[in-house]
Amino acid sequence: MTIALRCLPLLVQYEVMHNMNLIDVFTLLATSKKSRLQTKYYFNRQKCVVEYIVDAELIHIHRNPSSKNYSPERDYVEMSSLPALEIPRGHAHLLELAVELFPKLTLNLDFPNKSYRATDFQNTMAYVRSLNVPIITVKVGPSNKINDDLMRCVLLSCTDVKNLTIRNFSHTRFHLSYQPVPPFKFDFIELKGAEWVTKDRLIDLFLGCKKVILGSFIRLSYSDLELVEICGNWLRAPAAQYLEIQSIETFSEGIGRLPGAVPVKGVTLDDEDRIEFAARKCYKMEKADGTPAIIYHHENCIVFRTDFENAVIGEGTEPVVDPVHPFVAAYPALFHPGGLNYYW
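If you read the sequence shown in this note's numbering, its first letter stands for residue 872, the second for the next number, and so on.
Hint data in this document are derived by calculation from the structure and do not stem from the laboratory.
All figures in this text were calculated on a predicted structure; none of them were measured in a lab.
Virtual Cβ for every residue (Gly too), placed ideally from N, Cα, C.
Please note that a few of the clues may not be correct.
[As the list claims (entries may be wrong)] No farther apart than 25 Å at their CA atoms in a straight line, the calculated lysine-lysine pairs in the PhoX-like style are these:
#1 Lys1158 - Lys1136
#2 Lys904 - Lys918
#3 Lys904 - Lys1016
[To be verified] Restraint ranges, calculated between C-beta atoms of paired labels, are given here:
#4 Asn892 - Glu1157: 25 to 33 Å
#5 Lys904 - Glu967: 15 to 23 Å
#6 Ser1094 - Ser938: 44 to 52 Å
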């Protein structure tokens, strides 16, 4: 005997829908008025993450993504691809329907368009904020050059979000503002093109963030003394937990001479990730609050971090230096990972 879902007790209906594929639960919205009410009751109690791909008008919904039982096949749906889902009267955008269905949602925004203008970005952010939902993550741009107005607008408009990724790059003469800017306090920030981030800007703007990744499409250049100063300030910054400076070939010997620096020859980051170091490539230190930290140079990156499980104290082996071909020495930019690419 088949029993209609609407005939079951409310809590039983909830459990049935919780074990259905999310896309199948959405189909109940179009079945009947009563089914729609039942479905909205269920959705209203779900902690969902909504990803809004701005330029493509795509909305991705993940049901309870932090759950250990999360499954992309069962708990994910692209909302704008549902043929039976229509925008109700009074809603200007499908995103408004998502907010109505999932009042406990958190929102991630992606702006992948390479030609976005600062005013467009501001208008979109203003519209989303008018919906009164927490914005957790903002990602901007493909890997192409960004104009200064948009770069400045993104950095200053997103100070209230937790995670910010800017995939674009700006020129080295970029200035964030002509007025003093308070230090950022992101949980996570990644700049794919951070050539404009000088030593002073890094210290003044980014050491209030928990995790910082500075990338480069060419090569980041900090002197030995600058890296020592960055290290000292990072150790004193209470919020800083992780700093990664990419595309940097040499490690500062001065870091190893800082008070309390202990050489490390190997470190375990988690159950599966372990790194072995050559001599003078990794040091263990303590932050000002006593938190253990490691600073190392690995795969053209200098990393400052507190999230490691174990560090093996001791000097690593001396690195083996391969002879450099004279042509490579004469034209290093041709062979550097961030330099020009030629096919012979």
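Hints and how they fare:
Restraint check for Lys1158 and Lys1136: satisfied, since their Cα atoms lie roughly 20 Å apart, inside the 25 Å limit. Between Lys904 and Lys918, the direct Cα distance comes to roughly 24 Å. Compliance with the 25 Å bound is thereby established for this hinted pair. Simply put, Lys904 and Lys1016 have alpha-carbon atoms about 50 Å apart, too far for the 25 Å limit, and the pair is violated. Distance hint check: the CB atoms of Asn892 and Glu1157 are about 50 Å apart, inconsistent with the given range 25 to 33 Å.
With their beta carbons about 20 Å apart, Lys904 and Glu967 fall inside the hinted range of 15 to 23 Å. Between Ser1094 and Ser938, the C-beta spacing of about 47 Å keeps the proposed range 44 to 52 Å intact.
Of the numbered hints given earlier, the model fails hints 3 and 4; all others are met.
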